[in-house]
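Trainee: Spelled out, the chains give:
4 protein chains.
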Amino acid sequence: MANDMARNTSIYSRRESEARSYCRNMKAIFTEARGSELFDADGNRYIDFLAGCSSLNYGHNDPDMKAALIDHISGDGIAHGLDFHTDAKSAFLRAFEEIILAPRGMDYKVMMTGPTGTNAVEAAIKLARKVTGRRNVIAFTNGFHGMTMGALALTGNASKRGGAGTGSLSDVTHMPFEGSLGEDVDTLGLIDAMLSNPSSGIDAPAAFVFEPIQGEGGLNAASDAWMQGIEKIARKHGALLIVDDIQSGCGRAGTYFSFENAKIEPDMITQAKSLSGFGLPFAALLIKPEHDIWKPAEHNGTFRGNTHAFVTARVAMEKFWSDDAFEKAIAGKSVVLTTALGDIAALVEGASLKGRGLMQGVDVGSGDLAAAICARAYDLGLVIETSGAHDEVIKYLAPLTTSPQIMREGFNILAQATSDVTTDMKIAAE
Amino acid sequence: MANDMARNTSIYSRRESEARSYCRNMKAIFTEARGSELFDADGNRYIDFLAGCSSLNYGHNDPDMKAALIDHISGDGIAHGLDFHTDAKSAFLRAFEEIILAPRGMDYKVMMTGPTGTNAVEAAIKLARKVTGRRNVIAFTNGFHGMTMGALALTGNASKRGGAGTGSLSDVTHMPFEGSLGEDVDTLGLIDAMLSNPSSGIDAPAAFVFEPIQGEGGLNAASDAWMQGIEKIARKHGALLIVDDIQSGCGRAGTYFSFENAKIEPDMITQAKSLSGFGLPFAALLIKPEHDIWKPAEHNGTFRGNTHAFVTARVAMEKFWSDDAFEKAIAGKSVVLTTALGDIAALVEGASLKGRGLMQGVDVGSGDLAAAICARAYDLGLVIETSGAHDEVIKYLAPLTTSPQIMREGFNILAQATSDVTTDMKIAAE
Amino acid sequence: MANDMARNTSIYSRRESEARSYCRNMKAIFTEARGSELFDADGNRYIDFLAGCSSLNYGHNDPDMKAALIDHISGDGIAHGLDFHTDAKSAFLRAFEEIILAPRGMDYKVMMTGPTGTNAVEAAIKLARKVTGRRNVIAFTNGFHGMTMGALALTGNASKRGGAGTGSLSDVTHMPFEGSLGEDVDTLGLIDAMLSNPSSGIDAPAAFVFEPIQGEGGLNAASDAWMQGIEKIARKHGALLIVDDIQSGCGRAGTYFSFENAKIEPDMITQAKSLSGFGLPFAALLIKPEHDIWKPAEHNGTFRGNTHAFVTARVAMEKFWSDDAFEKAIAGKSVVLTTALGDIAALVEGASLKGRGLMQGVDVGSGDLAAAICARAYDLGLVIETSGAHDEVIKYLAPLTTSPQIMREGFNILAQATSDVTTDMKIAAE
Amino acid sequence: MANDMARNTSIYSRRESEARSYCRNMKAIFTEARGSELFDADGNRYIDFLAGCSSLNYGHNDPDMKAALIDHISGDGIAHGLDFHTDAKSAFLRAFEEIILAPRGMDYKVMMTGPTGTNAVEAAIKLARKVTGRRNVIAFTNGFHGMTMGALALTGNASKRGGAGTGSLSDVTHMPFEGSLGEDVDTLGLIDAMLSNPSSGIDAPAAFVFEPIQGEGGLNAASDAWMQGIEKIARKHGALLIVDDIQSGCGRAGTYFSFENAKIEPDMITQAKSLSGFGLPFAALLIKPEHDIWKPAEHNGTFRGNTHAFVTARVAMEKFWSDDAFEKAIAGKSVVLTTALGDIAALVEGASLKGRGLMQGVDVGSGDLAAAICARAYDLGLVIETSGAHDEVIKYLAPLTTSPQIMREGFNILAQATSDVTTDMKIAAE
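Chains as they are written, first to last, in our numbering: chain A, 1 to 430; chain B, 1 to 430; chain C, 1 to 430; chain D, 1 to 430.
The hints are simulated quantities; they were obtained by calculation from the structure and are not laboratory data. Take these hints with a grain of salt, some might be off.
Where chains are identical, the list cannot tell them apart; a pair therefore holds if satisfied intra-copy or between any two copies.
[To be verified] Derived DSSO-like pairs (lysine-lysine); straight-line CA-CA distance at most 27 Å:
| hint | residue 1 | residue 2 |
| --- | --- | --- |
| 1 | K295 | K27 |
| 2 | K263 | K27 |
| 3 | K319 | K263 |
| 4 | K288 | K27 |
| 5 | K27 | K328 |
| 6 | K232 | K288 |
| 7 | K319 | K333 |
| 8 | K66 | K288 |
| 9 | K232 | K328 |
| 10 | K288 | K333 |
| 11 | K288 | K263 |
| 12 | K236 | K27 |
| 13 | K263 | K295 |
| 14 | K319 | K426 |
| 15 | K27 | K333 |
| 16 | K232 | K295 |
| 17 | K319 | K27 |
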């Protein structure tokens, strides 16, 4: 009977808000997870190509982080420490300085915001407005930055924006992301022209905010040249450059920060999702020291600086980023991924590849088709999701640590699902 | 040397944002905590009358929650599950239904928002605007609801609001909280008069949002009559009633929800802080089913539904709320607290008591004095903080589980600190 | 046939917007007007107790202004001069300096805004925000300041505000006007308390804007003490004081500016309505020289500085304000008016008098009753209108120059109309 | 002495706001004007190529309008009639119906807004938001629509926008006008792409607002194809089409409405400037009957429906628009103008022609150069002004009725001035 209860999902329809989403199509009750595998209450195994939307870049329950966390809890380590000094926080900050910042020649202050990406984004735009005395912020088509009012104003998605009801999503100008108006349209030229014209009606911006690879927006990957162009335009017009690296960071794009190859120097960087390494709520805003003009507690939050996350995040840095082995492994897997997705794209007429690093996908041209393929894949034991303005992109976000074998297994399922669905459609069309 | 490093706080000035606050005055590096006691790297012991700003109502590292959490992690339970069904989530929802909702005759849907209070507040006002088609929200003087742009617009504190820089904090009307204009001013009459006058310029409100006891605003406790009055005014003017129970809830005010005695029926209730029981990031919005009109994913978030928090929150409910023993214990301690604070207030001319339940404090009339007393108390081994528009209230927020002995020990320190500071002042004044 | 056409109002229903209002109840086609009398196409005579809502304080077609205007036009004087220097403008400014400003010891710059009151109000709040660097403006219940978005945000009336549809009426805090919460509520204390509390959520204001007598809001006349109190609060909180004297100015309240007896010193004063003296479109903003920080053309408008209005406005000042005879005459008539309205109020149970000077009225307690009385008065040859949040005040706004004889004639009609309507109501009620 | 006073401009520096502009460079005190000629207090004559910024399309003091207006005033015709029916208003509406609307097959309601262009624009956007229930309005680079907060939000010019200080200019998206991003950029495609992308962040618009020829923005003339494209995009996205014809209308562009040749059907049309024919303040909003959902007085204003302007506007329509003679004359003069401006452009390296009809100009590439030429022209007896984001366009806006002889005389002065200035510059450069 306990088992029956464990498998009964009526509590969800009875008690959980209609806002719930993933569980509607993937109805399993998950109970355990290791690495790139999920297990449900009936013992079924699923390969995880979603990884908590890139919050589990190092896989589920990494044994080293797990050991450190259990050790911390067992010893009555601090669980909640507001923004007090704690040994766990000291160790996190030191590791971040030594392993992440110093080797990259980066000089940033770390702001512990509330432990969700949207909190970090809110802190960033508040600070940019304080620093510059300007109000307008430039965001981009297909950008996604969060659900609280300040971050939602930056977010492009009409359905998400609709959640604000009659509330005002103001003080933001939405500009076209690279490629969004067609391959041949010079978006940098357009943006610079609009801002350079004193009669354009676009107020001088406090900041530009963009994702190097748009995770929710369809895996649109900005080129290095475009990122450099935006940096240049921002500097020219006296605006700060904010990179939202929440989904694309922590190795997902091939380097720790997704923009490293572009050699841009953001004034602020938002981090969340895989920052804790273990899937725990954690977010931070990196701020160039000269812009760190916050007064004490001017932006605070009860859960800023999740102590459990400090513990696992430190282990993640030490384990994966102390040398370049992990980066090299990602590079290798990225090539494998491109090839595998290319094979899948070949099954769908007009399909094309999107993204880069281990943040790639297949644009199958239709949200219905993408949904059907993901649903079929789920039935075959693969958790994978869609992305894009029309949900038309099948998005690969497996843990970066996924073994070649499981990658291959997952690709096979995805190919099977794609083949099944397209075959069904052809039959239906005949 | 490792120990030296453990005691070195230079990493904070070098790497943590200027936004940090508590650690500026209470400089210890905390390493362990149990119940109502904190320990630092040098083995010093501190009594905790702050409890993570009411996030640790059941104390630090409660052994039962700790065991359950370690068990969950050890067994590779889900750490991050997006909004999938999980065994931990099912169990949490069932416990919430059986232990919290059903016995109180309450019917609410649970919305897992991002795991910070401000996210829950943002979800609430977005939904209220969607439901009513109205834009304006009524908030109150000295109210505190969070730091993201939507919640910050509701927040009264000028310094916090200043963090938004030039950003727009709009669509909110701030009305006087009970007592804020003086004991004899009828705030309910005033509010109803303003809203009933079609030429007042106050647009018809989507919602009223208030805290039954204003935690950051100075422990102003609304009377049952005032809460009933606001409910009546809200109903009269077609507005939803949203109770922000983030700091005052989970037993802090004497009952699970702080407004239970007033017998009001909020349309939405925000919860966070002690909801996880263990100090883990966790927040939820309770919604009357008829208002739960969210479309799937219309408001979402990566860390909505923190799975570790599901585990500990369930244990907290089972352990503390399955019968009325805990509630009775709180009632007893509240009486003790009132007496003890009265003794301390007697040491300061003009001081008065604020708040109710285990959320009481002493208004010493001056922020400087309150800060001096708290600083002295810290030196004597007691962590306690201030609150109020001028930080003029010394705020007791110890774990609800604090033993009578430790309560007494803490009161003695606080009395000593108050006496020391007032004596010093008298000497300085002579 | 020409006559038939002259009396045919079908063109209005066919071609004029549904926004039209006065002509719906008072359907005559007016053709001529002299002093306080209007004549329609059928030769019917109407006494005018409305005077273009106080735009015709010196009556219709004052012979001296008329002669000067015809002379100007006949001689090909400038009709439209943008903001060029013209002889007519020079003469206007000199007369304004010598007749209005100098004798009152007032030092103001004159800004020619677009020739409507709302344009002057918009200029005032824009400038106040520029001067102070603050955003929030304090306006009052029952205040009316215009229909363009900036002025409408200050306006209290819900129906007028509704005209903005989904547009944002932001950056304004609405506070209670004197008496609006009941005779015994200390609105000054309330306002100061809200602004003095750093956690009230009311942002520091750029300006206070009020009408000394609220024309559309129900003839609520602020006491000298209240105006002085608002001035004091404004100074205390670093806000500018803006007096909207559009309807109450130009002698209507007994003195040229309606606030003269209160001896307050506004930072800005808006003027329009009777400023031209002849009913021509004309508005101005008076600005304390130290606040006149406009850059050239930073606020402009095609019709700023209506040249025909310069001509008539100069004559009006010379004729009516060169000595104190006119002011004395107004004082005498005000006494007569109070008595006459008292007699009318005596006919309606619970009715009371409102306003002061020649801007008085009778609050009959119900918009329906007031409308019925005005409609009956119109049938008897008297043009008079209502005011107030519920249109419950019968408002006397006859030209200041109305002869005692015509005043008496009008009062008789109004008494008759009131008697007729209340008698009908009693019969209906039986 | 009286004469001295007449020539003394110290009253302006002493008493008129710093916002004044034209009179700073053109310092004459004008006293008389006839047709296309202005005369100052010293009897100097100036040719008027500015015409009140297109408010005097029929010249100064047209004898027929002048006679009708004197006749009206002499007979004590209504000067100020609120929105009562008057004989003058009836006649205006009938003439507008018969002479303007009917022959063009146009069906519009006429809304008498406050008598300035900005009031008409405010009414238009308020109504569009009411009709559609949407908030966002699309405006264009280099657009100019007025100075009140609603219209200013639509206006592109940064200096004008700066006049709002910290006030919020929200709910508007600024899109590129035809040609503003370079000749080869497809602005229609860009706009449609942004609006068609559900993740662009551009909220569904209530309306598009544009000027067929941007008067203040540099005489950018939209092609018929572009206007048709905007109409199509507006229809596709459920938005209303609002044409701001304030400066370009009343024959200025060659036809009564400037968009007639494009055969578009705006939902609303704003009119002002030359609508009265005589330079009197007057504005109107034309509304498709199905959108005329105003409630009575929902948008009103003291000076809505300037009665003197009704008189002159009727004469203007009867005299100039009863047959096609005037339109043909404009066509002829437009050809002459193009040739003449071409000759002037030939004097300046890189100069090019802008605009169409009798709203043309020369882009000399630099605001300083354009200002110098206009200043020199003024010294030689020609009033002419600049336009454009950088004030780089010398703008011809002479009365449409200007005789060929005076046109030629003015062109000669302009050519002389251009030659003088460019010669001086060459000498200075050597």
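Trainee: Run every hint past the structure and note whether it holds.
Mentor: Hints, one by one, checked against the model:
1. Proximity of K295 to K27 under the C-alpha cut-off of 27 Å is restricted to the inter-copy arrangement: shortest distance 18 Å between copies versus 46 Å within a copy.
2. In this homomeric assembly, K263 and K27 never come within 27 Å of each other (Cα to Cα): the closest approach is 43 Å inside a single copy and 38 Å across copies.
3. In the homo-oligomer, the alpha carbons of K319 and K263 lie at most 27 Å apart inside one protomer (25 Å), although the nearest pairing across protomers, at 54 Å, exceeds that limit.
4. Proximity of K288 to K27 under the C-alpha cut-off of 27 Å is restricted to the inter-copy arrangement: shortest distance 25 Å between copies versus 44 Å within a copy.
5. Taking identical chains as interchangeable, the C-alpha atoms of K27 and K328 are never at most 27 Å apart, the minima being 36 Å within one chain and 41 Å between chains.
6. Taking identical chains as interchangeable, the C-alpha atoms of K232 and K288 lie at most 27 Å apart only when both belong to the same chain, with a minimum of 17 Å there against 44 Å between chains.
7. Only within a single protomer do K319 and K333 lie at most 27 Å apart by alpha-carbon distance; the minimum there is 19 Å, versus 48 Å between protomers.
8. Taking the shortest alpha-carbon separations for K66 and K288, neither the intra-copy value of 32 Å nor the inter-copy value of 38 Å comes in at or below 27 Å.
9. Proximity of K232 and K328 under a CA criterion of 27 Å is satisfied in neither setting, with 30 Å inside one chain copy and 52 Å between copies.
10. Taking the shortest Cα distances, K288 and K333 never come within 27 Å of each other, neither inside one copy (33 Å) nor across copies (48 Å).
11. In this homomeric assembly, K288 and K263 come within 27 Å of each other (Cα to Cα) only inside a single copy, at 15 Å, whereas the closest approach across copies is 50 Å.
12. In this homomeric assembly, K236 and K27 never come within 27 Å of each other (Cα to Cα): the closest approach is 51 Å inside a single copy and 39 Å across copies.
13. For the identical chains of this complex, K263 and K295 are neighbours neither inside a copy (31 Å) nor across copies (41 Å), given an alpha-carbon limit of 27 Å.
14. Taking the shortest alpha-carbon separations for K319 and K426, neither the intra-copy value of 48 Å nor the inter-copy value of 58 Å comes in at or below 27 Å.
15. Within a single copy, K27 and K333 get their C-alpha atoms no closer than 30 Å, and across copies no closer than 46 Å, so neither meets the 27 Å cut-off.
16. In this assembly of identical chains, the alpha carbons of K232 and K295 never lie at most 27 Å apart, being 29 Å within a copy and 31 Å across copies at closest.
17. In this homomeric assembly, K319 and K27 never come within 27 Å of each other (Cα to Cα): the closest approach is 34 Å inside a single copy and 30 Å across copies.
The structure shown violates the earlier hints numbered 2, 5, 8, 9, 10, 12, 13, 14, 15, 16 and 17.
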